[in-house]
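Chemist: Sequence order for the protein chains is A and B.
Numbers 0 to 89, taken from numbering that gives the first Met the number 0, label the letters of the first sequence in order.
Numbers 0 to 380, taken from numbering that gives the first Met the number 0, label the letters of the second sequence in order.
Misleading hints may appear alongside valid ones.
[To be verified] In the SDA-like style, the derived pairs of lysine to any residue whose C-alpha atoms are separated by at most 25 angstroms in a straight line are:
#	chain 1	residue 1	chain 2	residue 2
1	A	K85	B	E233
2	A	K85	B	L181
3	A	K85	B	A154
4	A	K85	B	R222
5	B	K247	A	V35
6	B	K108	A	P14
7	A	K85	B	R153
8	B	K247	B	R300
9	A	K85	B	R300
10	A	K85	B	L234
11	B	K108	B	E52
12	A	K85	B	R224
13	A	K85	B	P229
14	A	K85	B	E178
15	A	K85	B	E221
16	A	K85	B	K108
17	A	K85	A	W8
18	A	K85	A	V75
19	A	K85	B	N162
20	A	K85	B	R187
21	A	K85	A	G68
22	B	K247	A	E33
23	A	K85	B	G231
24	B	K247	B	A155
25	A	K85	B	D243
26	A	K85	B	V238
27	A	K85	B	A155
28	B	K247	B	S299
29	A	K85	B	S182
30	A	K85	A	R53
31	A	K85	B	G156
32	B	K108	A	V75
33	B	K108	B	L151
34	A	K85	A	G47
[As the list claims (entries may be wrong)] One side of the interface only, derived from the structure: several residues of chain B facing chain A at Cβ under 8 angstroms:
#	residue
35	Y95
36	R119
37	P158
[To be verified] Simulated restraints on C-beta separations:
#	chain 1	residue 1	chain 2	residue 2	range
38	B	H294	A	G47	23 to 29 angstroms
39	A	G68	B	A175	55 to 61 angstroms
40	B	A353	A	G86	41 to 47 angstroms
Just so you know, the hints here were simulated from the structure itself, not pulled from any lab data.
Just so you know, even glycine gets a beta-carbon here, dropped at the ideal spot from N, CA and C.
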Amino acid sequence: MTATSVTDWRPVPAPAVLLRHDHTRDRDLLLLPERVVVLQGGAGTVVGLCDGVRSVRDIVDELAERFPGAPVAADVPPFLERLRHKGWLR
Amino acid sequence: MTLTDPAAPAAPAPAPARPWALLAELTHACPLHCGYCSNPLELTRRSHELTAEQWTDVMGQAGEFGVVHTHLSGGEPLLRRDLERIVAAAEAAGVYTQLVTSGVGLDGKRLSALTAAGLRSVQLSVQHADPRASDRIAGRRSFGEKERAAALVRAAGLPLGLNVVLHHENLDAVDAVVELGLSWSVDRIELANAQFYGWGLLNRAALLATRDQLARARDAVERWRERLTPDGPELVWVVPDYFDGVAKPCMGGWGAISLTVAPDGTVLPCPAAASLPDLDPPNIRDRSLAWIWDHSPAFSRYRGTDWMADPCRTCSRREEDHGGCRCQAYALTGDAARTDPACRLSPDHGLVRALAEDSADERPAVRQRAPGRPEKARRLP
Ligand code: SF4
Numbered sequence: 000m001t002a003t004s005v006t007d008w009r010p011v012p013a014p015a016v017l018l019r020h021d022h023t024r025d026r027d028l029l030l031l032p033e034r035v036v037v038l039q040g041g042a043g044t045v046v047g048l049c050d051g052v053r054s055v056r057d058i059v060d061e062l063a064e065r066f067p068g069a070p071v072a073a074d075v076p077p078f079l080e081r082l083r084h085k086g087w088l089r
Numbered sequence: 000m001t002l003t004d005p006a007a008p009a010a011p012a013p014a015p016a017r018p019w020a021l022l023a024e025l026t027h028a029c030p031l032h033c034g035y036c037s038n039p040l041e042l043t044r045r046s047h048e049l050t051a052e053q054w055t056d057v058m059g060q061a062g063e064f065g066v067v068h069t070h071l072s073g074g075e076p077l078l079r080r081d082l083e084r085i086v087a088a089a090e091a092a093g094v095y096t097q098l099v100t101s102g103v104g105l106d107g108k109r110l111s112a113l114t115a116a117g118l119r120s121v122q123l124s125v126q127h128a129d130p131r132a133s134d135r136i137a138g139r140r141s142f143g144e145k146e147r148a149a150a151l152v153r154a155a156g157l158p159l160g161l162n163v164v165l166h167h168e169n170l171d172a173v174d175a176v177v178e179l180g181l182s183w184s185v186d187r188i189e190l191a192n193a194q195f196y197g198w199g200l201l202n203r204a205a206l207l208a209t210r211d212q213l214a215r216a217r218d219a220v221e222r223w224r225e226r227l228t229p230d231g232p233e234l235v236w237v238v239p240d241y242f243d244g245v246a247k248p249c250m251g252g253w254g255a256i257s258l259t260v261a262p263d264g265t266v267l268p269c270p271a272a273a274s275l276p277d278l279d280p281p282n283i284r285d286r287s288l289a290w291i292w293d294h295s296p297a298f299s300r301y302r303g304t305d306w307m308a309d310p311c312r313t314c315s316r317r318e319e320d321h322g323g324c325r326c327q328a329y330a331l332t333g334d335a336a337r338t339d340p341a342c343r344l345s346p347d348h349g350l351v352r353a354l355a356e357d358s359a360d361e362r363p364a365v366r367q368r369a370p371g372r373p374e375k376a377r378r379l380p
């Protein structure tokens, strides 16, 4: 683990990773050199906010405002951490 | 089952799920002469290749139809002077591009032009970790250029994969290959046991590994898997299906997730399918990609499970491995609709076992890939 607390982290997709909306299937995708990841539910919206400027805290606040009642504070940080672990977010 | 009135119009069959990936074989021409090449023996001449305009149209249709990923391959795609235009067309169509290259001809200028056009990633082939052996297998001095290409791709910040086709001559060098990948800081190392199509099938007796060799290589891979850290390169082992007794889920199923466009515009469910004599594959010059995928007889031929005979027809694995590879069934039995002989349940499995067990001490020389008929192909020096 790094010393930075997870909420200070400003996630951004790794250079190899592309977030793209697939109009044919109406799905958000992560495109990588050898794979396509189909994002479920609101995952694409979350990754879409990972611009290297917003911190995890900003992302959580913004989502909480847009989706009142959704468990964003509990779900979003571990989701982002999982993507970081896979090397898809930095 | 209910009986239906034979005169009643049948309900239209649901359209097959759309493809995700396109293998674009831009040219069969190549500066290397690897004897394991899966290109057909009858290589398409440069004058018969699709133009950049035609490829632009292919990419547009592909993106529109749901393709999100393309491998720009060959032969050596860098031999196309208009490769940048094709990359730009894919990017404009929303299709993620990966260049599959030998690295020969990839200098800094070319790479910047490709990156500017939207190239996303590179897969680089190397034939061996030892420069002399790599050059020998490739049939040309090329290791130095590969090394330079790897450094350029790294410096450009593009993801880089290293692909090594494994066979009798280099299977004992797996450790050195992984070390090479580490020293070139690649993101992924693909250890691809040779598959026997095209030139590779012609050279099978020379290329085929021995069981001992494979066991040692597998152990080496296992040791690396334990040693490599999560931020180290991804290590991929493409199984040697002749030895495992298990059919590979070839292409993820016939006409299921991916399609190939050959240099002359022939559209195929997989690159090797050009070898099937009565397939009559469609051409993108004559038909739309959508029609080809949804309606062409070639793509419907072995789609799903209806075409299967026993043992696949009733096998619990039929949805997972799709009965293996049609081209391999044809190459080994003369009938593409039979169970892939690589499967131990196939009545023809003895054919594969005989080849795998016959670890010949006397091997023929590799016939190196070259244009023209293979009879004229160059021999190893
Ligand atoms: S019998 Fe057919 S479906 Fe069953 S495992 Fe073998 S190839 Fe696969």
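Chemist: Would you check the hint for K85 (chain A) and L181 (chain B), treating anything up to 25 angstroms between C-alpha atoms as holding?
Modeler: Since the Cα atoms of K85 (chain A) and L181 (chain B) sit roughly 19 angstroms apart, the hinted pair holds (cutoff 25 angstroms).
Chemist: Is the hinted pair K85 (chain A) and V238 (chain B) satisfied, with a Cα-Cα distance of at most 25 angstroms?
Modeler: 24 angstroms, holds
Chemist: Is the straight-line distance between the alpha-carbon of K108 (chain B) and that of E52 (chain B) 25 angstroms or less?
Modeler: At roughly 23 angstroms apart (the allowed maximum being 25 angstroms), E52 (chain B) and K108 (chain B) satisfy the hint.
Chemist: Would the hint linking K85 (chain A) and E178 (chain B) be met if the CA-CA limit is 25 angstroms?
Modeler: Status holds; Cα separation ~23 angstroms.
Chemist: Holds or violated: are the alpha carbons of K108 (chain B) and V75 (chain A) at most 25 angstroms from each other?
Modeler: 42 angstroms, violated
Chemist: With the threshold set at 25 angstroms, check whether the alpha-carbon distance from K85 (chain A) to G47 (chain A) stays at or below it.
Modeler: Judged against 25 angstroms, a Cα distance of about 17 angstroms means the pair holds.
Chemist: Starting from K85 (chain A), check that the Cα of R53 (chain A) is at most 25 angstroms away, please.
Modeler: 20 angstroms, holds
Chemist: Can the restraint linking K85 (chain A) and L234 (chain B) be considered satisfied, given a maximum Cα separation of 25 angstroms?
Modeler: Roughly 14 angstroms between the alpha carbons, so the hint for K85 (chain A) and L234 (chain B) holds.
Chemist: Holds or violated: are the alpha carbons of K247 (chain B) and V35 (chain A) at most 25 angstroms from each other?
Modeler: 20 angstroms, holds
Chemist: Holds or violated: are the alpha carbons of K85 (chain A) and G68 (chain A) at most 25 angstroms from each other?
Modeler: 29 angstroms, violated
Chemist: Please check whether R119 (chain B) passes as an interface residue: C-beta within 8 angstroms of a C-beta belonging to chain A.
Modeler: 7 angstroms, holds
Chemist: When you check the alpha-carbon spacing of K108 (chain B) and P14 (chain A), does it fall within 25 angstroms?
Modeler: Since the Cα atoms of K108 (chain B) and P14 (chain A) sit roughly 21 angstroms apart, the hinted pair holds (cutoff 25 angstroms).
This entry does not satisfy hints 9, 16, 21, 24, 25, 32, 38, going by the numbered hints stated previously.
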